[in-house]
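Chemist: Letter by letter, the chains look like this.
Protein chains: 2
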Amino acid sequence: MSVDERREQLIAVALELFSVRPPEEVSIDDIAAAAGASRPLVYHYFPGKQAIYEESLRRAGRELAGRFEEPSEGPLSERLHRVMGRYLDFVQSHGPGFAALLRGGSVAASPGTSAVIDEVRRAAHDQILSHLAIPSPSPGLRLTVRAWIANAEITSLEWLAERSVPLEELQLHLVQEFVAALTITAAREPALAAELAAFFADERPDGPTGRLVRDLAGLFAVPGIAEAVTALATASSPSSDEPSPQAND
Amino acid sequence: MSVDERREQLIAVALELFSVRPPEEVSIDDIAAAAGASRPLVYHYFPGKQAIYEESLRRAGRELAGRFEEPSEGPLSERLHRVMGRYLDFVQSHGPGFAALLRGGSVAASPGTSAVIDEVRRAAHDQILSHLAIPSPSPGLRLTVRAWIANAEITSLEWLAERSVPLEELQLHLVQEFVAALTITAAREPALAAELAAFFADERPDGPTGRLVRDLAGLFAVPGIAEAVTALATASSPSSDEPSPQAND
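Those protein sequences? They're chains R and B, same order as listed.
With the numbering used here, letter number 72 in the first sequence gets 72, and the count goes up by one each step, no holes.
With the numbering used here, letter number 18 in the second sequence gets 18, and the count goes up by one each step, no holes.
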């Protein structure tokens, strides 16, 4: 093996180990054994475990960010659905390491590991905004995107811990939650309404948005719900242009 | 000062310092100076900076969890609105320390600091479920609550970094996002529909839910949106009982 090949091999082997175990439970000896190399050889390439951990994380971060790439074609919710399929596949195959990294509090947490997390989040944020194709996204819209990314992370972590629902359900639900968050944001920001009209016009009945719309229509057919919501919608509120509700005590 | 009083004073002083600066930028000397005490006296009470940091965090965590307490009276969104007012007030007054703690990657991050974060999250989760008063919350509902808590955290962190909107707007928006998340969850889980009907029936026109409903009604009056959504709602989808959309390639 050339020097470069050996370095690559060590990183690949380390990434596999750090994917299935938290960093505390992976030693330089484990990495050397898995790579069929000696301990001094590993130290020849990396000053220590932290360096090889951070390098393998950077590698994993680039791979994950690569999975966010998606052609700008077809209904938006279906694009996001495909991306989330690839994301959740990554989560599943790197479970324990992904959890240890995102849960924080690990002895291996460092500014370097935080930087990797931040870069992946930024890549996700930028990809979503580029698919939304809104020229100057408002602070509110950016915040919606970031909050949804946090939702995807926490949902993935919970799923890894409990696996209480099939992964395909998570995939669909996360996409639908994005559609809901986008809709709410547009309800607050009239400048987004035209974009939202174009978004809904592109969606298909059997895509995530169509299914969500029908689920909501079913919910509003439940006795009491439509009546209560209609009463709220048609009420003339004396304080409706105040910045905060009058319900505080 | 008695031994207990001095210990309390040191923790209070440390908490103030750790609220306004990241832990890296607070030294034992700073704590001693702010408390009007000597460095050896601080070491008499605490083995080192990490111990006093973790103790002051536990104190802050208890204070924050205490702010989640709210009488089970009145419309649910108004209760949550009051709680969020107290939460955001805490975030504002402990900004830099709150951000350093939640952003992770700090040299002071440890299993002890993670435990404090986890306990505050659990307190928030339990309070919300107790206000929802649903006897056996489903895994999906629990996940919705946890994801919304993550939303509140990330939104707070973004606000601390950029302060791009008034705090009262965040407060209202977070509550409305909870209402939306609850609604979507009920759309997926028919067992929640009766609870949702009761929830909407209790809400008032000038509360957060009433305002959200009217914003959404306004959005659906924008040309194109109602038509597109209605088309999705009324389409007969051949694949509507498949577990995942047929849009994947």
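Keep in mind that a hint or two might mislead.
[Said to hold, decoys possible] Here are the computed distance ranges between Cβ atoms for each label pair: (1) S2(B) / P111(R): 38 to 46 Å; (2) R21(B) / P137(R): 44 to 52 Å; (3) E24(R) / E25(B): 26 to 34 Å; (4) R21(R) / R122(B): 20 to 28 Å; (5) P22(B) / V20(R): 27 to 35 Å.
Hints listed in this document are in silico derivations from the structure and should not be mistaken for laboratory results.
A virtual CB, placed ideally from N, CA and C, is assigned to each residue, including glycine.
Chemist: Each hint needs a verdict: does it hold in this structure or not?
Modeler: Outcome of the hint check:
Here the CB-CB span from S2(B) to P111(R) is close to 41 Å, well matched to the stated 38 to 46 Å. The hint said 44 to 52 Å for the Cβ distance between R21(B) and P137(R), and at roughly 32 Å that hint is violated. Evaluation of the 26 to 34 Å hint for E24(R) and E25(B) yields a pass: the beta carbon distance comes to about 28 Å. Range check, R21(R) to R122(B): about 26 Å between beta-carbon atoms, so the 20 to 28 Å window is met.
For the hinted restraint 27 to 35 Å between P22(B) and V20(R), the CB-CB distance of approximately 33 Å keeps it satisfied.
Checked against the numbered hints above, the structure violates only hint 2.
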